[in-house]
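Asks: Going down the list, the protein sequences come from chains V and H.
Following numbering that gives the first Met the number 0, the numbering of the first sequence begins with 0 at its first residue and continues without gaps.
Following numbering that gives the first Met the number 0, the numbering of the second sequence begins with 0 at its first residue and continues without gaps.
There could be a bad hint or two in this list.
Stated by the list, open to error - Residues from chain V shown here face chain H by an in silico Cβ test under 8 Å; the list is partial: (1) TYR1; (2) LEU100; (3) GLY143; (4) SER247; (5) VAL251; (6) ARG297; (7) SER303; (8) LEU345; (9) ILE359; (10) CYS398; (11) ARG479; (12) LEU614; (13) GLU711.
To be verified - Listed next, the in silico BS3-like pairs over lysine-lysine satisfying Cα-Cα at most 27 Å (straight line): (14) LYS163/V x LYS39/V; (15) LYS39/V x LYS53/V; (16) LYS592/V x LYS682/V; (17) LYS53/V x LYS30/V; (18) LYS710/V x LYS682/V; (19) LYS108/V x LYS290/H; (20) LYS108/V x LYS285/H; (21) LYS163/V x LYS115/H; (22) LYS599/V x LYS710/V.
Unchecked claim - The calculated label-pair distances, taken between Cβ atoms and stated as ranges, are: (23) SER56/H x ARG491/V: 46 to 56 Å; (24) ILE76/H x LYS53/V: 29 to 39 Å; (25) ALA41/H x LEU703/V: 39 to 49 Å; (26) GLY171/V x ARG93/H: 53 to 63 Å; (27) GLY91/V x ARG94/H: 42 to 52 Å; (28) ASP617/V x ILE76/H: 31 to 41 Å; (29) GLY9/V x ASP234/H: 39 to 49 Å.
Keep in mind the hints are simulated off the structure, nothing from the lab.
Note that the structure is predicted; figures quoted are calculated from it, not measured.
Every residue, glycine too, gets a C-beta built ideally from N, C-alpha and C.
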Amino acid sequence: MYQVAIYGKGGIGKSTMSANISVALASRGLKVLQVGCDPKHDSTRLLLGGEAQKTVLEYVRSVPLPQRRLEDIIVEGTAGVLCAEAGGPEPGIGCAGRGILTTFDTLRKLGADDLDTDVRVYDVLGDVVCGGFAVPLRGEYADGIILVTSGEFMSMYAANNIMKGLENFDTGSPRLIGIILNSRGVKGEEETVRRFAAATGTEVISVIPRDRLFAEAEAAGHTVRELHPDSEVAASLDAIAQRILDVSEGRVAAVAPTPLDDDQMSDLAAGREIRPSSGGVPVARSGCHGCGVRGSIRDHRVMSSCAAYGATAAFLKMNDVAVVIHGPRSCQYLMATTRGKAILDLYARGVYRRDPQCNIRCTMMDDSASIFGGIGFLEEALEATVAEGFHDIAVVTTCMPGIIGDDCEALLTRVSGLHPDVRFHLVPADGDICGEYTDGFMMAAGAIADMIDPDVPVEPGYVNLIGTSFFDLQSREHARELERMLARFGLRENCRFLDETTSDTVRNYCRASMDMMVTDNANSRELASIIESRTGRRPFPVPMPVGLHDYTEWLRAVGSELGMEAEAEEEAGNVCAEYDAFVVDHRHRFAGKRVIVMNKLTHNVDWLIDLLQDLGADIVRVGFVSSPRKNGSRIYSRHMEMITTDYEVEDLLEDMSSLDPDLLISDIARPLSGRCRMARFGKVGVGVRSVLEYAEYVENIMRLPNDEGWKEGRVIR
Amino acid sequence: MTRVLPDGFNGAIMAVESISDAMVFLHGPGGCRVRHMVHSTAVYPRDDPDDDLDFFSPYFYGYPRVPATYLDEYDFINGAAYKVREGLPIVESRRPEFAVIINSPGAGLIGDNHEKAIRDLGLESKVVYMDESLVSMPVTMCYGHMLRTVLEGLDPVRDSPRPGTVVLLGLTIMDKDWRAATEELCGLVESMGLEVVAVPGAGATVAELRGSLNAEFAVVVCPEACQGLVDYYADNGVRIIRSPHGAPVGFDATEGWIRTVAEAAGCDPAPALARVRRARDRVLEKFVGMKYNALRIKGMTFSAAGIASVVRPLTEWLYTYLCMAPVAVDVDPGADPDEVDAVRSFLESIDYAESFGRPPVHGCGAVFSEGLTAVTMSVNGGCRVGVPIGHSSMGLDDVIPRPIYGVQGSLYILDEMLHGARVN
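Required output: the full structure, derived from the provided sequences and hints.
Replies: Next comes the structure, spelled out in structure tokens:
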């Protein structure tokens with residue numbers, strides 16, 4: 000079987016050409032299948048007496064997989080030509096390119112390859128040579144390509160683009176059969192098109208004149224080749240059919256075209272001599288901030304988790320908010336199981352104070368949504384979520400709606416009007432298109448901050464805690480220590496922004512008299528900035544402390560703020576004495592030990608540096624892994640001079656050899672057997688006492704065997 | 000409670016990951032990679048812990064499973080075939096016996112040409128690609144479909160059929176404690192004198208898959224997870240054995256499954272049935288010993304949700320063996336129609352017709368479902384006992400074998416019920 004794809008700009012007459020060529024091929028005794036690959040789905044109309052046939056995509060949308068039959072989407076037309084029509088979405092929604100992919104996949108699965116055909120003709124829209132519309136160009140489909148163009152510039156521009164697409168799908172064998180000039184009657188158009196053909200290394204294989212016979216035949220719902228087989232036009236069409244056969248049987252060679260660059264196209268349009276190709280590296284003029292064409296994964300940052308997950312995680316920290324993930328079920332599954340497992344773990348440890356829920360919903364986008372648009376799916380999911388009784392609903396978009404361009408904002412505006420008592424929040428994270436996890440988290444945090452009522456009056460004695468990660472507080476003991484530290488000054492928590500909170504608590508955020516960052520890192524500062532822009536509130540200048548240095552500073556700052564200096568000094572004195580005694584007792588185990596600290600999660604490391612130095616350790620490296628965020632992430636530390644940034648595991652491995660450490664403290668959860676002792680980076684909560692407990696843990700690590708006995712087992716393969 | 004289920008995209012990746020020496024090359028964003036990587040590593044680690052250090056190369060970035068192209072906005076706009084061209088040789092350098100390029104849902108929209116990359120690198124015999132819309136398929140259906148695609152890519156031949164040999168179909172590494180499930184069912188089959196030569200979908204190697212076409216029988220465990228595969232083996236002359244009792248869940252269906260295999264293969268079921276008999280006696284001993292707990296089970300309501308061929312025998316068994324009331328019975332997308340008919344008929348026959356199609360209900364005694372739903376409902380007061388029977392909960396498995404199939408599976412379910420009744 001020979002497969003030929005006929006490409007051309009929309010409206011150029013390629014469907015008319017295709018149908019006529021199919022009939023001309025059939026009249027030579029060949030069995031032909033014509034597949035229309037244009038969303039306007041009129042390719043086969045002239046083969047079916049002017050009637051439109053059911054499109055493959057409509058069929059896929061309406062008929063469940065087990066019930067699909069090939070005979071439902073392939074019908075026999077004029078001269079026995081078999082007809083199939085891809086179809087596509089309404090203009091402006093969905094992804095027509097994806098529709099072409101699905102059409103080919105569906106035809107293959109239903110057994111179209113087993114049909115008894117000699118030639119398959121693909122009639123393809125050539126205005127957009129995206130991945131989907133380029134499918135017929137692939138090696139496993141088109142053996143030959145014909146371009147239909149007129150003498151108008153945009154038509155040749157489209158033809159030139161298709162040649163570029165053909166270059167990208169190079170099979171090693173030339174495949175361009177030639178150009179059909181479908182005349183529009185433009186002055187000098189034949190000469191222009193022949194210049195274009197010559198410049199691109201191909202030829203005009205037929206010139207089809209403007210002829211009233213086309214209009215007459217189309218009005219009757221038939222092809223010229225069928226109604227006027229003895230006409231001049233029919234003879235031209237027969238010649239094209241013969242050309243296809245000649246190429247297919249090797250009597251005539253196809254060519255590999257050399258498409259023109261933009262300057263050359265300008266010369267062609269202006270009627271100038273076409274200059275030689277500049278041959279320079281093309282520069283992408285896309286939405287990607289002007290970055291150059293990539294040739295390697297090394298050319299860009301690697302994001303480990305997507306913005307959609309970050310946004311979802313942020314909203315799920317609010318117990319009474321439902322998150323509707325606008326995307327496929329797999330996204331929901333991956334996010335919900337990860338998040339659910341974490342919450343169940345916290346609940347089991349008694350530090351999650353509310354009953355765990357699973358408030359993630361999903362629009363369950365499938366192939367039909369990616370083709371026809373997913374707004375209907377989203378609307379249905381929103382209505383169902385409203386019916387469940389949620390009053391705050393967040394919509395987070397994944398890659399699929401981001402790529403196909405669903406207008407979620409317009410829908411939410413409309414749905415909000417129908418449900419005035421429900422607040423809808425849109426986070427157009429678009430999967431990873433808007434960045435990685437933290438980017439999405441911050442986008443959601445902005446939406447959540449908008450819920451804060453700045454007019455709520457302040458009540459003394461309450462404090463808000465600001466942070467993206469409350470990991471350090473997620474043990475019962477650490478939570479109690481936090482409560483004790485606050486209670487010492489008569490304070491208690493109002494709102495955790497963001498952790499285990501509710502929409503009411505966020506709304507009443509301004510009830511607290513103080514806001515404190517849980518840790519002094521870039522993420523906490525960014526959250527504080529988001530809150531400040533909403534409320535005008537600035538966080539207390541000293542964040543929640545970890546370690547002796549920060550704790551004493553914090554005590555004095557809070558004591559001064561609240562007029563409780565004496566209480567602060569008393570506690571500072573007690574804890575300093577306790578700390579000093581600890582150091583004396585334990586210093587002998589740390590003194591002179593060479594230590595590498597590797598930090599991936601942008602935790603505060605100052606307390607650890609202080610602690611190790613106080614214990615006499617020799618810190619030979621403090622490495623921070625680079626941030627995968629779109630705009631990077633700053634590091635805040637009192638020990639900046641000790642910190643190596645953009646420190647990757649490869650650097651660690653080199654340091655392990657060259658620096659010969661005794662101990663590695665790292666939050667990268669993987670063992671490094673046999674190299675040196677390795678301790679987990681501590682989640683130490685706040686204050687000083689838990690830091691001392693962590694020091695005891697590290698001390699034990701240095702006294703215990705480096706490799707656990709279980710590692711002697713072998714992985715079952 | 001709203002259940003959260005995987006789809007065909009998850010199923011396709013895990014199906015390839017189920018093959019001991021094969022590898023997925025994911026054409027998609029890092030977010031899609033990381034969770035599949037974690038899931039795969041959690042349920043089926045292939046590398047020693049220290050081996051991670053050998054994977055600090057592009058596309059792997061320090062983790063051995065599910066290397067990916069890390070698509071971002073640039074790639075979605077401009078296409079990312081260059082990454083597949085660059086990455087495939089790096090993946091191949093790890094020497095998998097077979098590899099499958101799988102598009103993420105977003106990558107499926109940009110239409111990169113993997114066929115060309117494979118051809119240009121001369122890897123047609125070792126690499127296939129999957130660019131179908133996987134999210135439109137139920138997870139189990141896609142799991143079987145993916146395995147069939149791999150088999151078709153391997154293109155094995157049935158050149159030396161071996162009598163008395165068996166392949167087990169319909170087990171997946173997404174099953175709860177799949178390793179123990181495989182060992183349990185292989186043990187039952189082998190106790191009858193048959194030899195299991197491959198378990199496609201649950202730890203088979205590429206060589207085993209190639210050789211599996213020479214098996215005399217293909218025994219179905221869970222039909223939903225081997226659609227397509229069954230036809231493939233049947234078309235190649237392997238005799239299919241499928242139990243009319245559904246998957247071997249609970250003592251009764253396990254016995255039915257054993258008898259079906261024995262009858263079709265012409266072997267003696269007695270050794271396998273004896274295992275069930277002993278387990279039944281052990282249960283009697285324990286239940287008599289803890290009769291006050293056992294008494295609490297009778298009359299409890301339950302919700303069961305999952306794969307139809309699992310839910311059907313489970314529902315029947317809980318009703319007859321423990322006298323529990325089925326108040327909600329729901330089956331996952333892609334259910335086997337025969338199993339759906341059977342469970343619906345059963346519910347009608349016991350006057351619980353209204354329970355069919357209901358997701359797990361708040362306030363029932365026990366919930367049998369995928370782990371996340373079962374555990375969440377048990378801790379938030381939605382039920383007294385939550386028993387995970389469905390897709391694995393990302394590696395939160397026990398060290399003690401606790402599958403849901405066969406004799407061990409029956410004991411696991413009874414253990415959960417007895418302890419659940421005790422503490423509630």
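Asks: Indicate, hint by hint, whether the structure satisfies it.
Replies: Hints versus structure:
1. TYR1: 19 Å, violated
2. LEU100: This interface hint holds because 6 Å falls under the 8 Å limit.
3. GLY143: At 17 Å from the nearest chain H Cβ, GLY143/V fails the 8 Å test, so the hint is violated.
4. SER247: Where the cut-off is 8 Å and the nearest Cβ of chain H is about 21 Å from SER247/V, the hint is violated.
5. VAL251: With a minimum Cβ separation of about 25 Å from chain H (threshold 8 Å), the hint on VAL251/V is violated.
6. ARG297: 6 Å, holds
7. SER303: 5 Å, holds
8. LEU345: 11 Å, violated
9. ILE359: Result: holds, 7 Å to nearest chain H Cβ.
10. CYS398: Cβ of CYS398/V sits 3 Å from chain H, so the hint holds.
11. ARG479: Violated, about 22 Å.
12. LEU614: 29 Å, violated
13. GLU711: 11 Å, violated
14. LYS163/V x LYS39/V: Answer holds: LYS163/V to LYS39/V is near 24 Å, not above 27 Å.
15. LYS39/V x LYS53/V: 12 Å, holds
16. LYS592/V x LYS682/V: 22 Å, holds
17. LYS53/V x LYS30/V: 21 Å, holds
18. LYS710/V x LYS682/V: 25 Å, holds
19. LYS108/V x LYS290/H: Violated: LYS108/V and LYS290/H sit about 57 Å apart, past 27 Å.
20. LYS108/V x LYS285/H: At roughly 53 Å apart (the allowed maximum being 27 Å), LYS285/H and LYS108/V break the hint.
21. LYS163/V x LYS115/H: Within the cut-off at roughly 16 Å; holds.
22. LYS599/V x LYS710/V: The given pair, whose Cα atoms are some 25 Å apart, holds under the 27 Å limit.
23. SER56/H x ARG491/V: 46 to 56 Å: Because 51 Å falls inside the window, the suggested range holds.
24. ILE76/H x LYS53/V: 29 to 39 Å: 33 Å, holds
25. ALA41/H x LEU703/V: 39 to 49 Å: The hinted range 39 to 49 Å is violated for ALA41/H and LEU703/V, with Cβ atoms some 26 Å apart.
26. GLY171/V x ARG93/H: 53 to 63 Å: 28 Å, violated
27. GLY91/V x ARG94/H: 42 to 52 Å: 48 Å, holds
28. ASP617/V x ILE76/H: 31 to 41 Å: About 50 Å separates the Cβ atoms of ASP617/V and ILE76/H, which means 31 to 41 Å is violated.
29. GLY9/V x ASP234/H: 39 to 49 Å: The hint (39 to 49 Å, Cβ to Cβ) holds, given that GLY9/V and ASP234/H are roughly 44 Å apart.
Checked against the numbered hints above, the structure violates hints 1, 3, 4, 5, 8, 11, 12, 13, 19, 20, 25, 26, 28; every other hint is satisfied.
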